[in-house]
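Protein chains: 2
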Amino acid sequence: MKLPSPIFWQKSSASERENALARPALADSASVKKAVSLILSEVRSEGDVAICRLTEKFDQVRLTHLKLEQNQITEIASTTPANVKTAIDLAYDNIHRFHAAQFPKDIKIETQPGVLCEQKHSALEKVGLYIPGGTAPLPSTVLMLGVSAQVAGCDRKILCTPPSSEGRIAAEILYAAQKCGITEVFMCGGAQAIAGMAYGTQSIPKVDKIFGPGNSFVTEAKQQVSQQAFGAAIDMPAGPSEVLVLADKHANQAFVAADLLSQAEHGSDSQAILVCDDGEWTLSVQAEINKQLAMLNRKSIAEKAMNNSRFIVTDDIEQAIDVTNLYAAEHLIIQTKDAEHIGNKVKNAGSIFVGPYSPESAGDYASGTNHVLPTYGFARNYSSLGLLDFMRRYTVQTISQQGLVNISSAIVNLAMAEGLDAHANAVSIRLKQDANNV
Amino acid sequence: MKLPSPIFWQKSSASERENALARPALADSASVKKAVSLILSEVRSEGDVAICRLTEKFDQVRLTHLKLEQNQITEIASTTPANVKTAIDLAYDNIHRFHAAQFPKDIKIETQPGVLCEQKHSALEKVGLYIPGGTAPLPSTVLMLGVSAQVAGCDRKILCTPPSSEGRIAAEILYAAQKCGITEVFMCGGAQAIAGMAYGTQSIPKVDKIFGPGNSFVTEAKQQVSQQAFGAAIDMPAGPSEVLVLADKHANQAFVAADLLSQAEHGSDSQAILVCDDGEWTLSVQAEINKQLAMLNRKSIAEKAMNNSRFIVTDDIEQAIDVTNLYAAEHLIIQTKDAEHIGNKVKNAGSIFVGPYSPESAGDYASGTNHVLPTYGFARNYSSLGLLDFMRRYTVQTISQQGLVNISSAIVNLAMAEGLDAHANAVSIRLKQDANNV
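Residue numbers (this note's numbering), protein chains in the order written: chain C, 16 to 453; chain F, 16 to 453.
Think of the hints as simulated: they come from the structure by calculation, not from any bench. Note that this is a predicted model, so its numbers are computed, not measured. Incorrect hints may have been included.
List time: in silico PhoX-like cross-link candidates among lysine-lysine, alpha-carbon distance up to 25 Å [as the list claims (entries may be wrong)]: (1) Lys352/C / Lys362/C; (2) Lys123/F / Lys352/C; (3) Lys135/F / Lys362/C; (4) Lys135/F / Lys135/C.
Construct the entire structure; sequences and hints are all you get.
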């Protein structure tokens, strides 16, 4: 295919630079918004009946029940191919190790004598894990969400995933769910699954927070329920997946081409960007992309995505780093000399892959990091999914009589400055009482 | 006033219980939504011009510039009354200590040999701090937001607050801002301030995330910009402020009454709830409330709020704890025998105040904890504001050649199970290359 021509950063105008780093425009979603809003209200008022009706409509299967029985989970999970079981086992172990290392410590300090302040953590009680369906099962997403919820210690982990037209859930999904201690699995997908978890139905428990990726209906449903006081919190806003590879001529063209293509095969709206300080070398990567592209199963998807790819050539590596920070990529791969050093200069990214042997697919599956990441520029203001997203923080203060005396005039003076005398009174009444007792 | 009659929990039906813990209904906000949406689009297209026009309309003042000069900040701040300065100094120190203690540690582990995974933290670059105006200045909110941003190390801290009709900002606000190292102060309030910070204007920088409380227009504006990819992230959803006091007959009625009233004076939609295992004692708190109410400056506001207060009587303290967890209060005050022990049994709350000398106003101003907290039941799934809200987490993986070999079959098998052969190829091409080089 004819890949987009390299963009020479130094020679580009401000608007050309902006265009070079622009995300693909999102389709105007007025119709999706309306359709989702209708699905949500149907599920909210009718519960399981609406979900079964919508499942028949969208997934072409008539279900008599939504929940998988425990023995069904066990039975179907056991049919997972041995090599996939082994792969899930290894990925599970690494993801578990990295997320267990994130377990937060409570904080307890006296800010001044007699004023004890604590920050405590508790796991969210009920979490909803959404696993998309489609052409292939996604056991890796089950691990990313399920291990986190398991390590956090969430009481109930509700998994929703659309059934096949035969009314089945893939063995790999259930094997991964079992590893994560997930016992509540519902055959339910799309906006109706998000509604079921946000509001609760006869069979699906209402959850506190909903996690996981999905199509435009799922994404819109998550946004809508997160705006409703009777809805649920969500993990983060979503957008098309993306990679930026920051390379220099010391990198292996075949590795870089493979990394760009592994992003491109995700979907035709995926964005793959190469930033390099060498124009000649950039062209040789393009040749390598065409060579590899021909062999891919998902060639047509990858080709569409590569149409929107960008090849940015900078004057030097410092400029390449600037461009990288500007873009704030979901996935950032650094294949340069001194990659670790360069990595320390980049902050705005969801997950960074350092050096020639750190392909994005390692993090997608098995290195241990979470593959649920902020896309679409949100890496500037949102975090990669981590253990803390499955927990909440709250504070506790325990103040002694003397402690209150020590901070009383600060409280009273600030309360009076803010015109809140009942706030001041809550302190002075306590001091007065003490004076009376002396 | 005639306070609401006690509700006996054990004798209440399921729907009576639900009503007892129901939050005040939020006004139907279709008109607010529309008005805010219009303001946002005006500011987005016209910038400062729109903000000045809206400021004239809503704040009755015609401004020639939005930004306060550094010498103005210094000059006005210096006029803060000495007792308020001292109060702000003490509060600043305590808040600083507690938030500095929250500074996160980066994590670095080998999930298996050659697979190094890191979780790193960086401060958000540009944060927007919104400080409401109204009848009195709120220096305490400047401290809660400003200290956090300062400790996190945010590059730029943009503060917006509405000017008085004389075009001035209160000295206390500016004194607190100075302490927090805030140099960019804009005379700008309401939805137009949120728009200014979310989109950026000629004078206001575009920020990554917007923090702070506000009226229904500000809240709606924050929600709307948080849904826009070109907008900004926000701290948390908002609702009317609330307190739940969990008490037994060992508590001091006057203290409990004062705490309920200090919540009630916030606004007529504030909710104050007493949960106690003793009906007689509950009535004596009501008598004390009426006594104290008579003396308050904001009596009429507090009276309206107390009309919607709830007095719940439980059979025993265990049931009182259950009710408390169900309500998930923004502020929870525990005044019982063994208050610390009881406190450990409660998880769903924004901030907990333990024992007779820990009034809510201590946390509102000076104990050191943050007073920006999840209300309206969001304490089930959102955290109290903390240092981490001013930072982002991201992950880094650095995999050695042998490390990649170790996890390669897991990646390849999972990628193939998910139908993503370009993902598999990104690994196999690296292994093949190595084999060729041997």
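Hints, one by one, checked against the model:
For a cut-off of 25 Å, the pair hint linking Lys352/C to Lys362/C stands: about 19 Å separates their Cα positions. Restraint check for Lys123/F and Lys352/C: the C-alpha separation of about 22 Å stays at or below 25 Å, so the hint holds. The hinted pair formed by Lys135/F and Lys362/C meets the criterion: a straight-line CA distance of about 9 Å does not exceed 25 Å. At most 25 Å may separate the alpha-carbon atoms for a hinted pair to count; Lys135/F and Lys135/C meet this at roughly 21 Å.
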